[in-house]
Amino acid sequence: ISLTIPSWVPPNVKFEIDDATLRWTWDNNTFDFIHIRYLFGAIKDWTSLFKEAYRCCAPDGWIQSAEADVHIRSDDGTTDDLDCLKLWAKLFTEGGAALGSPFFVQEGDLQEKGIQAAGFTDIKSIEYKFPIGGWARDPELRSVGNYVKATLENDLEGYTLLLWKTILQWPEDEYQVFLMEMRKFLRNKKVHAYMTVRYVYGRKAEAS
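Going by our numbering, the sequence shown opens with residue -8, and the numbers climb by one from there.
A few of these clues could be false.
Said to hold, decoys possible - For lysine to any residue, the following SDA-like pairs were computed, each having C-alpha atoms within a straight-line distance of at most 20 Å:
(1) K42 / D10
(2) K120 / D66
(3) K140 / E172
(4) K140 / K156
(5) K175 / G149
(6) K104 / D36
(7) K77 / D10
(8) K104 / R189
(9) K140 / K175
(10) K115 / A49
(11) K140 / Q167
Said to hold, decoys possible - Per label pair, the in silico range of CB-to-CB distance:
(12) V0 / R178: 32 to 38 Å
(13) N20 / E148: 39 to 45 Å
(14) D72 / T21: 47 to 53 Å
(15) S116 / T(-5): 26 to 32 Å
(16) I8 / E197: 29 to 35 Å
(17) E197 / A80: 38 to 44 Å
(18) T112 / T21: 15 to 21 Å
Calculated from the structure, these hints are not laboratory results. Remember, predicted model here, so these are calculated numbers, not experimental data. Ideal Cβ placement from N, Cα and C applies to all residues, glycine included.
Input sequences plus hints: build the corresponding full structure.
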């Protein structure tokens, strides 16, 4: 994986590379706000992750965890008969099981349970839909959907190649067919697909 950390950043921004699954390198009570995002498929023990966040969070500070649901769905049934989406879900379900790192974080309420087990209080959960493609009537959501579509289309192989060929060792000749069907779905304006993202907040109580 190529290093993509930008050098042109505001003076109060600094990037560091580390392994979030190990003990964090910062001291206790360092941060007022900790944002954790899109680690689905990378974490085996979510409670341990949030316990490190709790340790490094200052009293009366907050944690925010944002994780997307890998499931692609619709409210009008336009995704129901798409075999490529069923295969997409199967790929991430079986791939996550093989890795021991679940992709479907929302299904087990892993954010809420882990944040609570770590010791945070005042826990709140908010869920948003984000469309795939430009089908939404709202101009802002339509713009979001076009960006999501472009991201999925451009990075489709990067999301799926390792799971398909290395982890699950599924037939290679079927992989290109899968990619073709996924791109066909992404370009179909009659499909009103979306994904969801869940934000979970928690506060570290002030020291007594």
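Quiz item: Holds or violated: are the alpha carbons of K120 and D66 at most 20 Å from each other?
Solution: 11 Å, holds
Exercise. Check the following: the C-beta atoms of E197 and A80 are separated by a distance inside 38 to 44 Å.
Key: At roughly 43 Å between Cβ atoms, A80 and E197 fall inside 38 to 44 Å, so the hint holds.
Self-check item: Straight-line alpha-carbon gap K42 to D10, limit 20 Å
Solution: With a Cα-Cα distance of about 15 Å, the restraint between K42 and D10 holds, given a limit of 20 Å.
Quiz item: Does K140 pair with K175 here, judged by a C-alpha cut-off of 20 Å?
Solution: Given that 20 Å is the threshold and the Cα spacing comes to 11 Å, the pair holds.
Practice problem: Given the range 26 to 32 Å, decide if the beta-carbon distance of S116 to T(-5) lies inside it. | Solution: 31 Å, holds
Quiz item: Could one say that the CB atoms of D72 and T21 fall in the range 47 to 53 Å?
Solution: About 50 Å separates the Cβ atoms of D72 and T21, which means 47 to 53 Å holds.
Quiz item: Has the given pair, K175 with G149, been kept, meaning a C-alpha gap of at most 20 Å?
Solution: Satisfied, since the Cα-Cα distance of roughly 17 Å is no more than 20 Å.
Quiz item: At the C-beta level, are T112 and T21 separated by a distance inside 15 to 21 Å?
Solution: 19 Å, holds
Quiz prompt | Agreement of K77 and D10 with the hint, judged by alpha carbon distance not exceeding 20 Å | solution = 32 Å, violated
Quiz item: Keeping to a limit of 20 Å between CA atoms, is the pair of K115 and A49 held or broken?
Solution: Satisfied, since the Cα-Cα distance of roughly 19 Å is no more than 20 Å.
Quiz item: Is the hinted range of 32 to 38 Å satisfied by the C-beta distance from V0 to R178?
Solution: 35 Å, holds
Quiz item: Is it true that N20 and E148 lie within 39 to 45 Å of each other by Cβ?
Solution: 42 Å, holds
Of the numbered hints stated above, those contradicted by the structure are hints 4, 7, listed in ascending order.
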